[in-house]
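**Q** Here are the chains, one letter per residue:
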Amino acid sequence: MTSVQESVAGEPSATAATLDLKEIQATVLRPRPAPYFGTHVLLRVDTAEGGREFLRRLTPHIASAANWWNAAHTWLAVGISYRGLEALGLAPESLQSFPEAFRVGMAARAKQLGDVGVNDPAGWEMPYVTGQVHIAVQAISDSEEKHRRALAVAREQYDSFSGVTVLAMQDFGAQPGDLNSLGYKDGIDQPPIEGSGVDPLPGQGRPIKAGEFILGYPGESGSPLPMPAPDILGRNGTFVGFRKYQSRVAAFNRFLRDNGSTEQEREFLAAKLVGRWRSGAPLTLAPETDNPALGADPNRNNDFNYANDPHGRQVPFGAHIRRMNPRDTTLTRLTDVNIHRLIRRGATYGRPYDPAALAEEYDDVPHGAIFLFISAKAMATIEFLQQEWIDDGNFVGVGDERDPIIGRQEDGATFTIPKEPVRRRIHGIQTFNVMRGGEYFFLPSISALKWLANLK
Amino acid sequence: MSTQTATANRPKQDLTPDEKLEKLKEIYADAPELGKAALKNGLAMLMQELSATGRAQTAGRIGLRQGKVSELCVFLPFVEGGARRLRGLLQLLQGNFRAADAVGTVHDMRFVFVENDTKLLFATAYDGDFDPYIEDFAAKIPNAMDLWLCNFEGYPGMRNPKAAADWIASHQIAAEAWYVNSPNLTAAETRRLEKVGKAVDGLLDQIG
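Chains as they are written, first to last, in the numbering used here: chain A, 993 to 1448; chain B, 34 to 241.
You may find that some hints are simply not true.
Coverage of chain B stretches by chain A, computed from C-beta distances (three or more under 8 Å per stretch; other residues unrestricted) [claimed, not checked]:
#, segment
1, 93-101
2, 136-142
3, 170-178
A few chain A residues facing chain B, derived, Cβ under 7 Å [unchecked claim]:
#, residue
4, 1061
5, 1086
6, 1219
7, 1322
8, 1325
9, 1326
10, 1328
11, 1386
12, 1389
Don't read these hints as lab results, they were simulated from the structure.
The beta-carbon is built from N, C-alpha and C at its ideal position, and this holds for glycine as well.
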């Protein structure tokens, strides 16, 4: 089967890429393959020399984004946390040049992220709360066999010596059909990046300045975002927020049953929560019934705005996709939507979605989503999204309502579906995705990896 | 600095209502007779207030919040000619602030010229925090911000949003107390309810 590449890549642009693609890690620009098989390896650096030796060995295997639109669908990526940079022996003035939220780490920013209650870091899995996750390696491929080989390449670099210790390995991948843990096709809407060498897909909007996503280029304001020093370390790097969620699939299914008496009603409600049918078909283009062919077509499944839906009668204001990218929705607060976008590299782990699962015990076996949010200011953007667009509703005029998919719901939470003659308000919405761990990582450029590996 | 000292001396919040009253009597021991009499005669309402759960929260880096509404109060030093320019601008605007309308979270603003026109006391009530939106201001209303803030010492300009936010915070004075009548109503929600109210009246007019 030739690559499906249905997720996000557009056509190579007539205008050549202006980004230094051979320096940027592949995972920043390459969409998730389809199907996909992957593993995250989380490591601790035991000695600075050992950690640097590991990076020296690993770096030649880290894929760059050169020709990313038609490159192989197997690659390794590497991210380093603040504690990791410390452990590698980075100089204090360089460490201090990183943004504060990155320096203290994701768990320490729980208040700003709204990671409280069920999402409180006190309840996170090992090793995320230990402060020992120094390096994360991602191996991903479109086939199980190639994934295993990629993972073996990574393993060869750390198995043979004692400088680094594997803390955890997390497999991911979703078969069949690449549906996420709640049964939806996802990852459809990505920000188009200026100068990346690919034209935006229909509906992606105008390309956003590359500096919003990759350090060292002008951002939307015209100037580059603050960059870690020295230049060789910061340039062409970016940040990733890694957030692991455990899905409460049976609770989600029970919620749909409680609020829909037929399969049709339940699926309609499921579509209203997200703004897309499970197939990926957007409600703006398929308002009454699903259209799987539309959902599968990357040239059509994102080609819409909300000009004809000003009252939210197709896509509710509180629906997941309208929150995460309000497009042309009139917001109650002065907002430049283009400076709050993230490259999203979500992945599913655990069993495939089972629409018949209803028992409490079903959710005892972990399954869920690992979100990678990539941006040159990922920490600030994730905090903004968590505070304003996920765990609040005032920005779109839905009061205290929260994102029905990834929000942390309080008791008595509701979800409003605008319709004629009167809106429907759904009660009993719960936290369907619970935080299990997370960290911020720096994704250095290829040159920066070499530079780090050769620190004295 | 004086505000921080005042905050540090604040009585502990876990006192019982009676303990609070005793404390208040101590504080008022040297008050004028008028004040002592007021304390005695106004005891009923005062005890209700001292018995209620505290409503004050902190907002952003500095400042207070009740429910969704935050206060921001800055004391800004004018540059040479700044007071004259700002006064002229404000008089010509005649109370029209399109940028504040656009921001959407601003409940009110007051511009008070003090200390012989060397400083401005600017006070506003707004929803949530301003820090998360500073870059949006920079992207959407840089000119409206620069036009009035250029009149103050050390203002770095909206093209440098982080520095502008730091500059505002550095001149901020936290209020010692903050009262909001409807702490759960954002400016947007108020406008929405206004519309809903009119629509309901229209509906009732049709029926009746």
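**Q** If a hint holds in the structure, say so; if it does not, say that too.
**A** Cross-check of the supplied hints:
1. 93-101: That given contact is violated, which follows from only 1 residues of the segment 93-101 of chain B lying within Cβ reach (below 8 Å) of chain A.
2. 136-142: As far as the segment 136-142 of chain B goes, the hint holds, because 3 residues have Cβ atoms under 8 Å from chain A.
3. 170-178: Check passed, 5 qualifying residues.
4. 1061: It is violated, given that the least Cβ distance between residue 1061(A) and chain B is near 29 Å, above 7 Å.
5. 1086: violated, 20 Å
6. 1219: Where the cut-off is 7 Å and the nearest Cβ of chain B is about 13 Å from residue 1219(A), the hint is violated.
7. 1322: Check failed: Cβ of residue 1322(A) comes no nearer than 10 Å to chain B, outside 7 Å.
8. 1325: Hint holds; residue 1325(A) Cβ to chain B Cβ min 4 Å, cut 7 Å.
9. 1326: Nearest chain B Cβ about 4 Å off; hint holds.
10. 1328: holds, 4 Å
11. 1386: Residue 1386(A) check passes; min Cβ-Cβ to chain B is 5 Å, inside 7 Å.
12. 1389: holds, 6 Å
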